[in-house]
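**Q** Chains as they are written, first to last, in this note's numbering: chain V, 1 to 190; chain D, 1 to 517; chain S, 1 to 345.
Quick caveat, the hints were computed from the structure, so don't treat them as lab data. Just so you know, these numbers come straight off a predicted model, no measurement behind them. From the three backbone atoms N, C-alpha and C, an ideal C-beta is built for every residue, glycine too. Careful, some of the hints might be misleading.
Below are the DSSO-like pairs computed for lysine-lysine, each with C-alpha atoms no more than 27 Å apart in a straight line [said to hold, decoys possible]: (1) D:478 to D:492; (2) V:133 to D:437; (3) V:101 to V:91; (4) D:161 to D:221; (5) V:101 to D:437; (6) D:501 to D:468; (7) D:437 to D:255; (8) D:444 to D:478; (9) V:91 to D:444; (10) D:161 to D:255; (11) D:478 to D:493; (12) D:444 to V:101; (13) V:133 to D:468.
A few chain S residues that face chain D, going by a derived Cβ cut-off under 10 Å, partial list only [claimed, not checked]: (14) 9; (15) 13; (16) 17; (17) 284; (18) 290.
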Amino acid sequence: MFLAIVAIATLSAGFGLLLGFAAVRFRTEGDPVVDRIDSLLPQTQCAQCGFPGCRPYAAAIVSEGADINRCPPGGDATIRALADLLDREPKPLDPERGVVKPRAVAVIDEEVCIGCTLCIQACPVDAILGAGKLMHTVIADECTGCELCVEPCPVDCIDMIEEPVTLSTWRWPQPVDSTGGSGSPARQAG
Amino acid sequence: MAGQSRLWHFHGGLELPAHKSGSTTEPLTAAPVPGVLIHPLSQHIGSPSEAIVAPGDYVKKGQPVASATGYIGSPVHAASSGTVIDVGPQPVPHPSGLSADCVVIETDGRDDPYVGYDPLINYRTLNAPALRARVRECGIVGLGGAAFPTSVKLNVGTGLKSLILNGAECEPFISCDDMLMRYRAEQIVSGAQIMLHVLEIRHCCIAIEEDKPESHQSLLKALSAAGDERIEVVRVPALYPEGGERQLIQVLTGKEVPVGGIPADIGYLCQNVGTAVAVARAVLRGEPLISRIVTVTGSGVAQPRNLEVRLGTPISHVIDACGGYTEAARYLVMGGGMMGFPLQGDQLPVIKATNCLLVASEEDIRPRSPAMPCIRCGDCATACPAQLLPQQLYWHTQSEEFDRVEDLNIYACIECGCCDLVCPSHIPLTQNFRYAKAQIWSQKRERERSDVARNRFEARNARIAAEKSERARRLAEKTRMLQTGAADPAAKKALIDEVMKRVGDKKDSSAEESGKE
Amino acid sequence: MQFLLTRPPHLRPAVNVTRVMAELLVALAPATIAYIWFFGPGIIFNMAICVAVACLAEVAMLAARGRPSVAQLSDLTAVVTAVLLAFALPPLTPWWVAATGAAFAIVFAKQLYGGLGYNPFNPAMAGYVVLLISFPVEMTQWLPPAGTDLTAERPGLEATLWYVLTGQLPAPLSWDTIGGATPLDDVKTQLGLMRTVDEVRSGPLYGDFGARGWEWINNFIAIGGIWMLYRRVIRWHIPVAVLLGIIIPATAFYIADPGNHASPAFHVFSGATVLGAFFIATDPVSAATSDRGRLIYGFGIGMLTYIIRAWGGYPDGIAFAVLLMNMAVPAIDHFTVPRPYGHER
Ligand code: SF4
Ligand code: SF4
Ligand code: SF4
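Just chain V, with the same shape it has in the complex:
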């Protein structure tokens, strides 16, 4: 009897120590969950999710329990990442929010632009340069492709142009027959 008690006590003390050690050793950085969600969102800032930007959406996921399938620019990959992080079931993109499109950048037709500054006010990342009554232009590298500038333009001079593939950005696609008869069905090459 005595022996059993000692054995069990030693065991639990041992495991307790082990767990305590593990807790210290493997502690994860306590960064707030909103930050972590925000870091998974594509930062297109397009507001298609119904919130005025990615961070507000991240906040809404935490505080209002907003669904994780509202971000079209992020597509499936983002939904899966969010599902992983939040331990929720991944679900398909909410079609009401939009569709997955290839990344594009806004291009202002500089002949047509009247310099109204409306697009400058609409751009969530200040990627449009220009001054009143002067021609505007988009800094292509900074443009997130959110399309928010397209609508306000009174003369319809902004087009979304898909990024062309060049020799230096081309990559081998996913092999067609690679599922090996099991696992998830082959996804379209991204």
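Dock chains D and S with the ligands against the given chain V, drawing on the hints supplied.
**A** For chains D and S with the ligands alone, coordinates are given in the frame of chain V:
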């Protein structure tokens, strides 16, 4: 390594059918100059060159038509004389099948040489930067297939242990280096001497695979003629992928190039034997890189052989020089049977990296049988020269867990294809790894972009918030002043006037102001 | 001219799963003949029943999982599982016992985990263990090997068939007259009765190094195994490690106390040691994958087998040892990731 007596092994590797005899029976000859030459501006690793000719210009053989941009870059030279007829996008030999900017020249058949580079016979009196400049202006890049600018590679500082000339051409079907060693051994030796001078070292080792006795003999002969003690020839066992720089260094020295590093980090520099010849010609004869030896082989071509081909020659022209296609031709591959990539058409030019044109029949390249599930046999790991676990990499690639794939060091994968060839389940492993690398690359790019976007978004929000609070503060101040100044009507009036004036100004400039960042 | 597209590498593998499995079956042929020689034709019926049931189960499960069944059946993995299970069964086994084992191996141990390549446990051994637990009597009734002279009468072809079909021995025969314990069983019981190993080994069941009959079957299995090594169907790490895992502790205990512990040679040449080392532990799907991992995995199987034989409740421990080590495989794999090229040691 001096006095090479012992060889080491690299992990894994395969003994593959060489398929080389077909193309080495005929002697090395030159292909005729075609009617049209297509010179892509980007045929090396690094930034694309910039065209310096325009349609209508007359160019001579060897005249630069595009200049290098950036440190890692290389100029392009006209391979024969004629008139530039186009500068613009043309389909280029690339796995993507995309087009890229090219200079197209209609040749005039005169082959007028351009005089612009003096032969530097007394190169021993010149210093390394001068010789590297010559190598760079002659457009020389690694001819083993990677096409990395040679002048950059030669700029590794001093203190190297040894220069390794890579004549271990292990990939099935390719025999251009073999033929080069048979026919141009003296030039290889001269190239080695020049590079030794540039690098200021005293040891060079030329590695040849054991299944190439003719090359070995001819190199030994050239060496004894040159009487250069610094250069030795080492025979290495024929095992794929021994021609890989890292594997060859491992065999010769027993050392591994650290991950993310270059061979110079452990004191070695590896150059292809073809590159050595190109260097010798550039320095001793002032010839820019305008031709290379190309193996044309496979059962889809009538007379398989090795040809010296002008760069820019359309592939169809090269095939014609080999008697044209046979009935069996189904595939056109640039490179060898393991790492070469497929081309869709033959109206593409030969470029600096074209070491082999494999015209394959359905016998040469059998269709893939459907993949079965992995049976975890581990044969792939046994064969992998990078000592990876292809089976685990595959597993995580399938479930798109790319961070795990990265943890398993996917970047060490040299895409040699050994794992594919031993897999009893016929899983397209190498393709999966290329895809995984691409995904990781694009995810990284996305993340960088989104970080930039987040910062800009936050900066903008901060700016808007600051403007707002500034406005609120000013408003509060005004109200307070109006209230406190109410006692003195004159002061009040002055204040109101001032405000009205400012509002008027503001109206004029409001548009401008909001446009400012 | 337009060309077809292909992705590198363009050469194709010379091996395929079907061939690997077929060579494994061929490698078992000499041992099968030896088995028939020593234990009669029972194994033929066992094999036939196991193979038939395994194939049926495989087809049914594949159909239920909506996968193409013909392609998967032709990989022969189900046949191999069935044949290995049949090898582990006693020479006289009623058909429903064999069928249950084969069905369990395929349905539960293989297909329900996701089919070929996904099963964490060796299906043949999972099936065997289930039978050992569910049919303890049938699974431990062995015939003495031919040439032991324990009994004049041995069941012939008809008697065997009769037993297989009904589970009853035909009239003149009974287990009391024809039956016998396996040598491992015998050693275990006798040592329990305080006999010394030498006394036990002088019994008629024992041959030159191990158990009579078994030692020859083991020899033929080893020949098949070495042929597989030569043909590169398997690699040396697991068999060598399994044998070492048995020989090392067996030698240690034998030297320390030869009276109470059987010799290492006896351990190697009795029971399913060699079959386990060459044919069962080498099942790639449920084994560790790296070379170092395989050495650990094999050694673990050997050690556990010895421990179970020496101190456990069952006479032969290969099956349990394999299943136990199967469970350890993820951990082994995790800790034996090889150092990739260019990384610090
Ligand atoms: S929908 Fe647009 S704003 Fe919303 S999270 Fe996605 S990218 Fe950000
Ligand atoms: S392709 Fe990559 S993973 Fe496969 S064997 Fe070669 S280096 Fe290893
Ligand atoms: S060779 Fe093929 S079947 Fe074997 S472990 Fe590798 S991927 Fe799996």
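**Q** So, for every hint listed, does it hold in this structure?
**A** These are the hints, each one checked on the structure:
Under the criterion of a C-alpha separation no larger than 27 Å, the hint pairing residue 478 (chain D) with residue 492 (chain D) is consistent with the structure, at around 11 Å. Distance hint between residue 133 (chain V) and residue 437 (chain D) is unfulfilled; the C-alpha atoms sit about 47 Å from each other, more than 27 Å. For the hint pairing residue 101 (chain V) with residue 91 (chain V), the CA-to-CA distance comes to about 18 Å; that is within 27 Å, so the pair holds. Distance hint between residue 161 (chain D) and residue 221 (chain D) is fulfilled; the C-alpha atoms sit about 25 Å from each other, no more than 27 Å.
Among the hinted pairs, residue 101 (chain V) with residue 437 (chain D) is consistent with the structure: their alpha-carbon atoms are about 22 Å apart, no more than 27 Å. Distance check on the hinted pair: residue 501 (chain D) and residue 468 (chain D) sit about 22 Å apart at the alpha-carbon level, within 27 Å; holds. Under the criterion of a C-alpha separation no larger than 27 Å, the hint pairing residue 437 (chain D) with residue 255 (chain D) is consistent with the structure, at around 26 Å. A distance of roughly 51 Å separates the Cα atoms of residue 444 (chain D) and residue 478 (chain D); the hinted pair therefore is violated under the 27 Å criterion.
A hinted pair counts as satisfied when its Cα atoms are at most 27 Å apart, and residue 91 (chain V) with residue 444 (chain D) qualifies at roughly 24 Å. Proposed proximity of residue 161 (chain D) and residue 255 (chain D) is supported: the alpha carbons are some 13 Å apart, at most 27 Å. Distance hint between residue 478 (chain D) and residue 493 (chain D) is fulfilled; the C-alpha atoms sit about 13 Å from each other, no more than 27 Å. Under the criterion of a C-alpha separation no larger than 27 Å, the hint pairing residue 444 (chain D) with residue 101 (chain V) is consistent with the structure, at around 19 Å.
Note on residue 133 (chain V) and residue 468 (chain D): the hinted pairing holds, with a Cα-Cα distance of about 24 Å set against a maximum of 27 Å. Using the Cβ-Cβ criterion of 10 Å, the hint placing residue 9 (chain S) at the interface with chain D is satisfied: the shortest such distance is roughly 3 Å. Of the supplied interface hints, the one on residue 13 (chain S) holds, with its beta-carbon coming within about 5 Å of a beta-carbon of chain D, less than 10 Å. Taking 10 Å as the C-beta contact cut-off toward chain D, the hint placing residue 17 (chain S) at the interface holds, the least distance being around 5 Å.
Nearest Cβ of chain D to the Cβ of residue 284 (chain S): about 4 Å, under the 10 Å cut. The hint holds. Checking residue 290 (chain S) against chain D by beta carbon gives a least distance of about 6 Å; that is within 10 Å, so the hint holds.
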